[in-house]
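The primary structure of each chain is shown beneath.
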Amino acid sequence: MSKSNYRNLNDEDLVNRIATKQDQEAFSTLYQRYVHLAVGVCIKYLKAVEPAQDAVQVVFTKLWTDLHQYQVRKFKPWFYQVLRNHCLMELRKNDPSQKIVAEWNMDSMEFEETLHHKMNEEQLLIHLNLCLRALNEEQKACVTHFYLEQKSYNETAVLTGYSDKMVKSHIQNGRRNLKICLRQKVN
Amino acid sequence: MDNSACLSKGQMVGYVKNTLYPEELRAVELHLAGCPLCNDALEGLESQADIEKVLASITPPVLPAVAPREKEKPKEKKEQPAPIKVEKPKPVVVTATTATANVITEVIKRPMNWKRPIALAAALIIGFGAYWYFEMRPKDNKQLAINTEEAVTDTPQQTANETAPIIAQSKVADTVTKVVAVEPKKNVDSIVKRKEELALAKKKDSVGNEKNALAARQMAASPAVAETATADENIAEEKDAQAAKAKKETPKEPQTDYEIGLRLYKQNQYASALMYLKDAESNKSDPKHVDALFYSALCNKYLGKDRRARKQFERIVEANGAYKKAAQKQLDEMKNKD
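In order, the protein sequence lines correspond to chains A and B.
The numbering of the first sequence is the working numbering, which starts it at -8 and goes up by one.
The numbering of the second sequence is the working numbering, which starts it at 240 and goes up by one.
Simulated from the structure, these hints should not be mistaken for laboratory data.
Among the hints, erroneous ones may be present.
Here's a subset of chain A near chain B, in silico, CB distances under 7 Å, partners left out [said to hold, decoys possible]:
hint : residue
1    : Val26
2    : Leu28
3    : Lys35
4    : Ala39
5    : Phe51
6    : Gln114
7    : His118
8    : Leu119
9    : Cys122
10   : Leu123
11   : Asn127
12   : Leu139
13   : Ser143
In silico DMTMM-like cross-links for lysine to aspartate or glutamate, where the CA-CA straight-line distance does not exceed 20 Å [claimed, not checked]:
hint : chain 1 : residue 1 : chain 2 : residue 2
14   : B       : Lys292    : A       : Glu41
15   : A       : Lys53     : A       : Glu112
16   : B       : Lys540    : B       : Asp525
17   : A       : Lys38     : B       : Glu291
18   : A       : Lys53     : A       : Glu113
19   : B       : Lys517    : B       : Glu553
20   : A       : Lys170    : A       : Glu81
21   : A       : Lys38     : B       : Glu572
22   : B       : Lys292    : B       : Glu263
23   : A       : Lys38     : A       : Glu81
24   : A       : Lys156    : A       : Glu128
25   : A       : Lys176    : A       : Glu81
26   : A       : Lys38     : B       : Asp530
27   : A       : Lys142    : B       : Glu268
28   : B       : Lys505    : B       : Asp530
29   : B       : Lys568    : B       : Glu553
30   : A       : Lys156    : B       : Asp525
31   : B       : Lys256    : A       : Asp155
32   : A       : Lys131    : B       : Glu268
33   : B       : Lys248    : B       : Glu262
34   : A       : Lys12     : A       : Asp45
35   : A       : Lys156    : B       : Glu268
36   : A       : Lys142    : B       : Glu263
37   : A       : Lys65     : A       : Glu3
38   : A       : Lys53     : A       : Asp86
39   : A       : Lys38     : B       : Asp289
40   : B       : Lys576    : B       : Asp525
Glycine included, every Cβ here is placed at the ideal spot set by N, Cα and C.
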């Protein structure tokens, strides 16, 4: 299989090839897709470049050797969790007294991706509208500008008067609350 | 973008440096709003001054060799994403009922750090064993044989000198019975057997000496016994004469240089013969030195060394010895040839 063909494969196919055939080309493709994200995540948690790069090396080496031990349905959330756990483990190793609580965001990611299987579009829009009204003013304003009026972060910040970071935070929190609300509606 | 939902390296750098087109910026922001992985990555990379340098300095990992596992199915229990755990291989338990072939394969599968020392030890043991068997054992036997022979040569004189024949006879009888009693033991090792044989030989010798002593006494005592003794002596003399004849009949091997040279000359080995004959002819004390000179000249002649041969024949003629005529004849022949 040529390199371009590997680029056309999705993450799960590449993972399957690595797990079953120890396909180096598949591993290389997956590495190229995620190494910069992995480094970014590790820098965020470990606060330094060199430990982050070491952590990334360790995680990818484990990926190569141990991937066959796991059944990975969705690679991205799984990989994200593996990265976070490794970073938290490193932090605990350096300072055992430090209490670090790992958050679990993957449920929302999976829920988002499988939402369309659980309700039709019309129902989804009705429930979404109801949930949007239930949000607080800041989150409602930011989510409305960003998603419905298709403004950028900067434009939303200008329109609402919040800083870029606050806009980002309101959008993310509003989005999470919308998901929680929609899940409740579906159940 | 690859067939992946996440942001590429270029999009990430472009977003941080604010160099993306509005459409692309919109796509990136929409993705960022719903992807915690990219959000965290962006947060981490934004904290660095030079993102491009950080991303360029990433070194790919060195992958360890792992055997392909096409037949193995991944475990079902891992539904939720979880950190990678290294599973230790279970220790192999070999029961007494398992076949030897299985045991061998299990042994082969284990890491073989002890293989080389064991092979070395086995080679050393075999080597020393072979050395002992071929070198040390025969030497011991030889040494034992030499010691026992010495003991045998010593003992008859003592018995002949010291003991009276009657007492000796009784002693011999005792020892013979002892030896006979020992004989049924067939499981003793070779060294012990050898000792017994030597002991027997010793006893026989002592018996022979005692017999001689007895014969001497009886000769003195009765003429009839003396006659028998003389008869025995005659038989012994006849045997000696036969041995001397046999010695005379055997061809005497050549001892002197001349004889060796002559024998080689007769076998047409002229070059080899010449070596011995030269030594013989140079030794003037040897009565055969003229003969050696003659045969040496003949050898030279047959080897094509005519000039040397001619000189030697001339010397023989000048010496005026037994070979003068023969030498003159050879000289004439050589002249005619020329």
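What are the numbers of the hints the structure violates, in ascending order? 4, 6, 7, 8, 9, 10, 11, 12, 15, 16, 18, 20, 21, 22, 25, 26, 30, 34, 38, 40
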